[in-house]
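Number of protein chains: 4
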Amino acid sequence: MHRTRFYTLSASCPDRVGIVARVSGFIAGHGGWILETALHAEPARADGAAGGGEAVGRYFMRIEIRADSLPFHLAEFRERFRPLADELEMEWKITDSAVKKRVVLLVSKQEHCLYDLLARWQSKELDIEIPCVISNHDSLRGFVEWHGIPFHHVPVGADNKAAAYAEVQRIFEEVRGDTMVLARYMQVLSPALCAAYPGRILNIHHSFLPSFVGAKPYHQAWAKGVKLIGATCHYVTAELDQGPIIEQDVIRIDHSDAVEDMVRYGKDIEKTVLARGLRYHLEDRVLVHGNKTIVFR
Amino acid sequence: MHRTRFYTLSASCPDRVGIVARVSGFIAGHGGWILETALHAEPARADGAAGGGEAVGRYFMRIEIRADSLPFHLAEFRERFRPLADELEMEWKITDSAVKKRVVLLVSKQEHCLYDLLARWQSKELDIEIPCVISNHDSLRGFVEWHGIPFHHVPVGADNKAAAYAEVQRIFEEVRGDTMVLARYMQVLSPALCAAYPGRILNIHHSFLPSFVGAKPYHQAWAKGVKLIGATCHYVTAELDQGPIIEQDVIRIDHSDAVEDMVRYGKDIEKTVLARGLRYHLEDRVLVHGNKTIVFR
Amino acid sequence: MHRTRFYTLSASCPDRVGIVARVSGFIAGHGGWILETALHAEPARADGAAGGGEAVGRYFMRIEIRADSLPFHLAEFRERFRPLADELEMEWKITDSAVKKRVVLLVSKQEHCLYDLLARWQSKELDIEIPCVISNHDSLRGFVEWHGIPFHHVPVGADNKAAAYAEVQRIFEEVRGDTMVLARYMQVLSPALCAAYPGRILNIHHSFLPSFVGAKPYHQAWAKGVKLIGATCHYVTAELDQGPIIEQDVIRIDHSDAVEDMVRYGKDIEKTVLARGLRYHLEDRVLVHGNKTIVFR
Amino acid sequence: MHRTRFYTLSASCPDRVGIVARVSGFIAGHGGWILETALHAEPARADGAAGGGEAVGRYFMRIEIRADSLPFHLAEFRERFRPLADELEMEWKITDSAVKKRVVLLVSKQEHCLYDLLARWQSKELDIEIPCVISNHDSLRGFVEWHGIPFHHVPVGADNKAAAYAEVQRIFEEVRGDTMVLARYMQVLSPALCAAYPGRILNIHHSFLPSFVGAKPYHQAWAKGVKLIGATCHYVTAELDQGPIIEQDVIRIDHSDAVEDMVRYGKDIEKTVLARGLRYHLEDRVLVHGNKTIVFR
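Chains as they are written, first to last, in full-length UniProt numbering: chain X, 1 to 297; chain F, 1 to 297; chain E, 1 to 297; chain Z, 1 to 297.
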């Protein structure tokens, strides 16, 4: 993170000669001072590797530019950059570090991820707005409200799921949320809600995916006798625990650890992995490519 | 590892009051000096966790005793200990650090695990006999023979599998092998061979099991977009890549790593994980419990 | 952790034949059901390794016994066990899982360790009493008091150190504290306070000791160009950052990480390492041996 | 690694607007296809952090270009690029993936790093020439020569150091070595030899520097009671174990590990860390900046 205001351009396009030259030439042509650049060429694969083969490679980039080095603001940047982006067939966006992202947290009863995220928000490590917290239980209301953050209790039962998720979506829209974070929210979102915000809903799953999808992953891990347990931060898609993976980590266990110990160890990696994944997302470091991600750490 | 000769007693039995007192009392009663003790009670589980529930807990132990502190040798130890072991319904064995284990290596064309194991054997880090190496290719013969170790080329084709594995078994028996190590042996052993040596054949699988069973796990990992790749050392059973896990580890990768990079990173954890798992096995630190292991590191 | 009430016996004594037999025999003789046992023999070292050589080895043990399996309570256990302990020249203690430890937290302005510990206390992962929090600043009062925990502001200036630490000690005594935790408390305790509670004050230092003792360790690490940064939980002694190490961990950084990034990464390991070290301490898993620790994880 | 031939341009220069645009514009102007780009701006630091403060920032870059996409070879590239490089006040070089680096290994009696590096060379994971191995002992001659690599025994005694290192330098020059690797070479090179090849001699030190400089670092680590041990790959300078750090890693130990166990664990990280550091160096991923390194992994 830089202390001066900056813009972040993130983009991808079909690979070809001269992309970097054209884009960096555009920026330099206006006197733009580049703070950080990350580039990645995903090669065309002729070898038929499962799930990734494409006829043409794809180029990904993320560039941070000092705001005060450019002679215009974002609206004009967008207008001037568009012809080049169109020519390169880019998907792109540019964001402003001075505009805080609005992150809505969804929680259930477990508090470890919530405490962790609010500590990071309180200390400004996460420089975001949290317009509200939504929960299917009421138990964490006091803690959230003490921080001056509105709390919405939206119960989810077997017979009101559609209505409940419609209410979640209504609140998210009302507070103009950018990102939704399932911080150990123990409910499966409706397909409609997943589809409404592709690449904008993050979940923390308490296993090293693709192992142990679904419910009670620590019980599954215990029964299998694995020697490491993990956690996975991923984008939510309609298919349960199958969305693009943003970040993962593991911790060593052994035969003496019961399921309850694994749950306890797991919490420590859950909160760390979620916080790292969320940071990458908020800083526009994550570019989705099919069912995978490019993460410019 | 201790420099003085010692015996290693490893055992398990139904849990009850007084096991440690009885066993350590027996040892102390003969003046036995204990160098290292590891104990584990696997509780009876009433909560129906998959794969582990039992009505009575089970107790596991591993005790190292200085050989020169006892007034008799192993044969007499076994005779005197048997009544107690029977009373406690123990499965048990006792081994002598002065008797080197005889380890047969099976390899294919890849050399990284072979070089690694022979370096450890050469430096006496692995204090074992390697009576021979068996391979389905002839390419590593020179390297093995330079070390003074016999090399057997046993080709495995689509139409001679039964005969080939019978030959592997014949050689293993002939050299009086204790343990068989599949050091990136790229063939699936026959069920008969697996069944002949339960808990005596170790494999290194190039993924973090249970993810990515079977062929080309790095390709599978690449296609899934995981952020860590792993390796697993496990006992071989008739069911492919499903035997009890002894040791695992992982390494971080990112979007810039192609399958070939993952293969390269993977080799480093494969050889480390195999060497660790093999050491635990050779030092009688691994006790199998159903489809899981107790590993007294 | 077990759900049933249990006693934890932790002890050390000069090594000799029969220690385990005598102690486990005593327990079994009263019908005691052992839940967990950990043993360690620290050998006498004749090779003159710095800092550890002793003429006779020392034996360490930690045993958990189900409270309801014994026919008497702790007072009587202590009385009956004493003759054996005396004979073996033991240093020992036995604690009761039903008696919560009383942990006093000392903090300054940084909140990450405080949030983390209170989350663990709130969820009963840490099953302790927190009779109060003491700080040299007043900024975290509201957060602490919201949890129903008394907060004491004890300013520490250049000219009132002796008085300030006397006040800290007075409060600690008044609330009958068992353990004092410096949860990123940015002051150096007085030698008198350190000496008053040997093995009872835990600190989290933000480097991988023995590297980067003292102030601004992340700046030191940045200047040195290390590729991993760490954190260390240790007992506080009069010599700054030199007390027995309980737990350590590290995280990977690279050239793109500025000091501020290292501070951010570091917080994640600080809180995890402190929480792990504190748990080991509270569960009587840490036995001090000279300037080192035995940690029965 | 790419399978097609490519050139690697690595460079650094004072930071200013337009560096990337100028350099990538030059490459694109000749039709150059960029395979991989890594960039880093080391900011000017006004805050007086020890060891790094500079009045102007410095820009680092590493660019891989497909050889067959350019209309000329390296000699002409160098000639055409020089004016731009001069204008930007660059330190720079460009290398050709088709020209194998010539790496001379120095070893003593321990074989683990030697076996590891030769396995990587044998499998072409390290695509280098090893024109010879030099040792102060004769014991590894047979193993090296079996691989078809010349072996030079250059004894180093208390009274012939100057002559011995002169001989090492003579051999290195004679075989036209690019890089010298101290693969657990248990001698301290002469200042003259260190000064002759700045940034071209790599050492693996068996501790997590800056902790435990000099002899017997595992004994030092044991005496201190650290909970992790490490290894460090660094460039050799005249000051012992103080050269720029390229790569580090650690492994967890505990109280039950004696010095000999730490030595054994340590070997595994020594060889992995050395192999990683060497790979980064050989692929021109390491740019030295004062006493630190930029490593474009």
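Any given hint might turn out to be false.
It does not matter which identical chain is used: a pair holds within one copy or between any two.
Stated by the list, open to error - Quick list of in silico lysine to aspartate or glutamate cross-link-like pairs, DMTMM-like style, CA-CA up to 25 Å:
id, residue 1, residue 2
1, K161, E125
2, K109, D138
3, K100, D261
4, K100, E89
5, K124, D257
6, K224, D68
7, K101, E79
These are computed hints drawn from the structure, not numbers from a lab.
Every value quoted in this text rests on a predicted model; they were computed, and no experiment measured them.
Review point. Of the hints given before, which are not true for this structure?
Key: 1, 4 and 6
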